[in-house]
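Work out the full structure, taking the sequences as your base and the hints as a guide.
Residues per chain, in single letters:
Protein chains: 2
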Amino acid sequence: MGRWKPGAEGRLMLSAMELYVERGFEQTTAAEIAERAGVTERTFFRYFADKREVLFGGASELQRIVLEAIEAAPTDESPVDAVFAGMFAGAERIGGNREWSCQRAALLAANPSLMERELLKLSALGEAAAGALRLRGVAALPARLAAHTGVSVFSIGFDTWVGDDPPGDFAECIRVALAELRELTAAP
Amino acid sequence: MGRWKPGAEGRLMLSAMELYVERGFEQTTAAEIAERAGVTERTFFRYFADKREVLFGGASELQRIVLEAIEAAPTDESPVDAVFAGMFAGAERIGGNREWSCQRAALLAANPSLMERELLKLSALGEAAAGALRLRGVAALPARLAAHTGVSVFSIGFDTWVGDDPPGDFAECIRVALAELRELTAAP
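Keeping their order, the protein sequence lines are chains V and Y.
If you're matching positions, the first sequence starts at 1 in the UniProt record's numbering and goes up one per residue.
If you're matching positions, the second sequence starts at 1 in the UniProt record's numbering and goes up one per residue.
Keep in mind that a hint or two might mislead.
No copy labels: a pair is met if it fits in one copy or bridges any two.
As the list claims (entries may be wrong) - Calculated cross-link-like contacts (lysine to aspartate or glutamate; reagent style DMTMM-like; alpha-carbon spacing at most 25 Å):
1. K51 with D164
2. K121 with D159
3. K121 with E53
4. K51 with E41
5. K121 with D76
Because the hints were derived from the structure by calculation, they are not lab data.
Listed below in structure tokens is the structure:
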């Protein structure tokens, strides 16, 4: 989910992506990924539970970064602004490697089992962000609404960014989507 | 996902839910569900691809109802209002059986593989609703934002409704959540 990790873990992520693109996700085994990365299969499974997880290696780090930014937001900031402080911090983490993100997005679109895993992780990120808002004194319903809206805009901004004609970097795609959402939901 | 279907399909859904609650989802087989419903295992698989799908029997019908309501919304209605015409139509379809919905929600919360399936279906509902907005002339980005926001509010409204102290029926829970979201996203 973004920037390279050093050492065996990073090589495994790169090798996995190469093989998934060359042969397809279903046709690639953990053993083949390990071989290309120049490590043993045992090493593969020290870092990743299965070959799906190679594509989600950065998910827990992303969540940590998002939550830290929500916690660090000024106490008088609105729930939505605090959530987006988290989303922009997350975008900065992921936004450095558009090529990897594009390949990953194409793989997810082609493999429902990967998309299911992605949606579960995004939903968990939303619940965690709602928890971080609760700690700031936000009530349960607005916390969940703000958090899941944040994740939804993050995700749609991501799709714009890896699409054909992004208006700027990942953060800018999120900004554009948020401005559009505010206009759409402005009370009639 | 809601109101009873007549005949074998409805009996299979009821029997499955009884067994999932009694024994747990993982511990229940399609054969046992068929036996309790008084039909053959072959009949089970005529209606459902696997034992997960029994809990999603109404998903395609829900999607049809949502899309029809979006299509039927007055042409001058805003994208968000059109989407929520769809969501309220969906809520009417599901809202008749709170007990089933509560049991289903508890099962999903306890089984990540079911939750993954649910999130994939909700995401597909969002994409389909976005498609229906596109047909109304809404541009791609606002269509996706409005549609996924609609699904998100629908889903959070659902959680409120099956929770401990809902403020009213399913539709009312959606209305409360939508009003809250409009307040949260009002431009600063």
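These are the hints, each one checked on the structure:
1. For the identical chains of this complex, K51 and D164 are neighbours neither inside a copy (28 Å) nor across copies (39 Å), given an alpha-carbon limit of 25 Å.
2. Taking CA atoms no more than 25 Å apart as the test, K121 paired with D159 passes in both settings, with 16 Å inside one copy and 19 Å between copies.
3. Taking the shortest alpha-carbon separations for K121 and E53, both the intra-copy value of 11 Å and the inter-copy value of 22 Å come in at or below 25 Å.
4. In the homo-oligomer, the alpha carbons of K51 and E41 lie at most 25 Å apart inside one protomer (11 Å), although the nearest pairing across protomers, at 34 Å, exceeds that limit.
5. In the homo-oligomer, the alpha carbons of K121 and D76 never lie at most 25 Å apart, since the shortest distance is 29 Å inside one protomer and 37 Å across protomers.
Checked against the numbered hints given earlier, the structure breaks hints 1, 5 and satisfies all the rest.
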